[in-house]
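Use these hints to put chain B onto chain A, whose structure you have.
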Amino acid sequence: DAMVIQNPRYQVTQFGKPVTLSCSQTLNHNVMYWYQQKSSQAPKLLFHYYDKDFNNEADTPDNFQSRRPNTSFCFLDIRSPGLGDAAMYLCATSKAGPIETQYFGPGTRLLVL
Amino acid sequence: AQSVTQLGSHVSVSEGALVLLRCNYSSSVPPYLFWYVQYPNQGLQLLLKYTSAATLVKGINGFEAEFKKSETSFHLTKPSAHMSDAAEYFCAVSGNAGNNRKLIWGLGTSLAVNP
Numbered sequence: 001d002a003m004v005i006q007n008p009r010y011q012v013t014q015f016g017k018p019v020t021l022s023c024s025q026t027l028n029h030n031v032m033y034w035y036q037q038k039s040s041q042a043p044k045l046l047f048h049y050y051d052k053d054f055n056n057e058a059d060t061p062d063n064f065q066s067r068r069p070n071t072s073f074c075f076l077d078i079r080s081p082g083l084g085d086a087a088m089y090l091c092a093t094s095k096a097g098p099i100e101t102q103y104f105g106p107g108t109r110l111l112v113l
Numbered sequence: 001a002q003s004v005t006q007l008g009s010h011v012s013v014s015e016g017a018l019v020l021l022r023c024n025y026s027s028s029v030p031p032y033l034f035w036y037v038q039y040p041n042q043g044l045q046l047l048l049k050y051t052s053a054a055t056l057v058k059g060i061n062g063f064e065a066e067f068k069k070s071e072t073s074f075h076l077t078k079p080s081a082h083m084s085d086a087a088e089y090f091c092a093v094s095g096n097a098g099n100n101r102k103l104i105w106g107l108g109t110s111l112a113v114n115p
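From first to last, the protein sequence lines are chains A and B. All letters in the first sequence, in the order written, are residues 1 to 113 by the numbering used here. All letters in the second sequence, in the order written, are residues 1 to 115 by the numbering used here.
Chain A with its partners taken away, still in its complex shape (with noise of 0.2 Å):
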């Protein structure tokens, strides 16, 4: 089945330790996301990219970085994760056009201890 796949599921790191969480797609979708979700809170997009455009949003730490190397594979760098980025992390994707419905993964919950 077409997909959208997160690893790990689970990601302990230390107190600035640099950290990459991972995504990938089957569903060979142009558009690829990143969203942040706290507990109890509804996901806030981080950025996306439109094939190679990167697209930052506005109120994204600096701390957060992303790379996309190909269609397939999206990634979430956090530089020097603080006890506040300890959260659950989402990617999704889409085809671009006029109705862009997105696809989530299963997410990564990450613990900074």
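Just to be clear, a hint being listed does not mean it is correct.
Unchecked claim - Sample of chain B residues at the chain A side, in silico, Cβ under 10 Å: (1) Ser9; (2) Ser12; (3) Gln45; (4) Lys49; (5) Ala92.
Since the hints were made in silico from the structure, they are not lab data. Glycine included, C-beta positions come from ideal geometry on N, C-alpha and C.
What follows is chain B alone, placed relative to chain A:
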């Protein structure tokens, strides 16, 4: 500008009872509307979407929603709740061009189903 309001952050129903989760939207462009469900420690799963075709939209797991332009609403319903429906439900709106294509999310409604 677009916005979504979900009335009721917590809804509790008995198993077998009607489920009604409310969503009102505001949009300066013709909206596309979505309902997603999220089970604990999982990603979001698309339940259904309105894309300007039929106003009554049927989704997965027996859910449906009706787009009412006059009421700016897109409420989610299910005739008979099942224990497995207990989850967080998010309503979202988007437009069809430029920055409007991003999803604007409601705050979510947590559905509890009592035996």
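Going down the list of hints, with the structure as the test:
1. Ser9: 8 Å, holds
2. Ser12: With Cβ-Cβ at 16 Å, over 10 Å, it is violated.
3. Gln45: 7 Å, holds
4. Lys49: 6 Å, holds
5. Ala92: 8 Å, holds
The structure does not agree with numbered hint 2 stated previously, though it agrees with all others.
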